[in-house]
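Asks: As a plain string of letters, each chain reads:
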Amino acid sequence: MSRDTRRRFISAAFVTACAAAVLLAMVPLAMILFFVVSQGVQALNVAFFTQMPRPVGEPGGGMLNALVGTIVLTGLAALIAIPIGVVSGIYMSEYRGTRLAAATRFAADTLNGVPSIVIGIFAYAVAVMPFRRFSAMAGGLALGVMMIPIIARTTEELLLLVPGALREGALALGATRGRAVLTVIVPAALPGIVTGVVLGLARIAGETAPLLFTAFNNRFLSTDLRQPIASMTVQIFTYAISPYEDWHRQAWAGALVLVTFVLVCSLIARVVTARVQRLRG
Amino acid sequence: MRNEFSFRLAVGACAVLLIAVVAAIGLELARESSLSIRTFGLRFWLTTTWDPVAGQFGALPFIWGTLYSSFLALLISTPIALGVAIFISELCPTRLRAPLVFLTELLAAIPSIVYGLWAIFVLVPIVRQLETITPDVLRSLPLFSGPPLGVGMLAAALVLAVMVIPFTSAVAREVLKTVPVVQREAAYALGATRFEVIRSALFFARTGIVGAIMLGFGRALGETMAVTMVVGNNPQVSLSLFAPQYTMAAVIANEFTEATEELYLHALVEIGLVLFVITLIVNAASRLLIWAMSRSAVPASPRTTTIAATV
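Protein chains in written order, with the numbering used here: chain A, 1 to 281; chain B, 1001 to 1311.
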């Protein structure tokens, strides 16, 4: 084989290998989606959303308590994370280049990389130990801490996309920095910031590890923030490692609900981002 | 002027709060593990006996399991993730690009618990099949010793690999974007084949690529649920892929609510503290590499600054 033929052959083989890698990466995705949908629909019905879990051996029932719990927990997390995340994002973009902005960015990236289970221990230390009780509050705190860096970084990125002319125009008209940010710059970036929040919610709604020893679990329907609370993810975990067929079916149905929620959130984010980019030309 | 200052003060307070949260995590972990650190010292990390009843805590099997499973996961995921990144950014038709990016993002968005569910009921039986048909010649090697249980190191490494692929490939894609187009054009002009052009682009981007791989490593180290569900939860230091083992995150997830003794609780928190420190170092190092890469490259597109935001 001549040298050139060999080079061309290697190149073709390389291109094929890369395409094969894409197919290989899609196999688990296809498998997961297939099993979640095909197993999940079997137990998914109206009762799943409106009824409480039944005891082992009684088929049927639902995950009402876990569904409500996840809504309460993510709501709490959003209450904690949105103000801190958005405002520190504003700081990072408005005072770009300052040492505090760089330190905040580093802290946000660090926090983003901290394993969720470690954040769970933190929430346990500050919100469970002092009260000697697992609580929805502690679970919400753990999820909130996880959500802060996601929101902060998206807010920063999107504020930077706001055209400089807008900012300069506001300042030239005599607006103070605070007024320019609140009335011109943030409104311009608002759709993007909302997208960031939606993506953040999607991510923490699927978290299990930090809830195991903060929100713990609750067999009953509860919205009391000082009491342990159930969640979709912890419930799926409990059901998955149990030996009961009925519970396994419930776990798959729960997974289907979670995956659908995540999918819808990323589609919304995609549509909004595309629209924002189109408006900007 | 005063107005200006008070705005900055108010906004800056939130930024400081974010930094304070990270510091507080480190401090709380150190405080809540002090008893175990004082009692065992370095012995904690060098011994293998984990016996809560007798008050003996050696964490070597957990740190081994975490490092070994993450290493194996990288071994599997790195070639695939780089292949995906190269295909999306260099080879595929423009029309395919957006859907492929969406699919890999979806892979990253699937919750860990769903991976775990899939792993228990689908992956583990497949792994068990594979382990059963492994020829006896191989089974005598330490790498493949032990009964074919299905759950164990191999299953954990496979799930981790799947979970890490989207992260590594997303960062690698951004890194490849920072390679100047002229560099590729120059290579083509010299008569290079496609492979040779991409090889030179990879070489140009090597620092960032290493950063991308390390970032995946950081993710794998801290992954909890999916691993807990399939790794076997058996504290032992073994090279065998078939052996049920344990990881740092998994032991915290499984035993934290059972830890009623103070020493037991502190021992678990100490594992968390070390996990925190290791991921901190790995993440900081990888970001440093990616940052050095994007700085040295000629700004090819305004998107280069967003590398850190994609992960």
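Any given hint could be a false lead.
Stretch by stretch, here's where chain B covers chain A in the computed footprint (C-beta under 8 Å, at least three residues) [to be verified]: (1) 25-36; (2) 140-154; (3) 169-176; (4) 201-207; (5) 233-240.
It should be emphasised that the hints constitute simulated quantities derived from the structure, not laboratory data.
Cβ coordinates follow ideal geometry from the N, Cα and C atoms, glycine included.
Asks: Could you run down the list of hints and mark each one as holding or not?
Replies: For each hint, the structure was consulted:
Check result for the segment 25-36 of chain A against chain B: holds, 8 residues qualifying (beta carbon to beta carbon below 8 Å, three or more required). Residue count for the segment 140-154 of chain A with a Cβ under 8 Å from a Cβ of chain B: 6. That meets the three needed, and the coverage hint holds. By the rule of at least three residues with a Cβ nearer than 8 Å to a Cβ of chain B, the coverage given for the segment 169-176 of chain A is violated, with 1 such residues. Residues of the segment 201-207 of chain A with a Cβ under 8 Å from some Cβ of chain B number 5, which satisfies the need for three, so the listed coverage holds.
For a cut-off of 8 Å, the count of residues in the segment 233-240 of chain A with a CB near a CB of chain B stands at 4, and the three-residue condition holds.
Violated hint: 3 only; the structure is consistent with all others.
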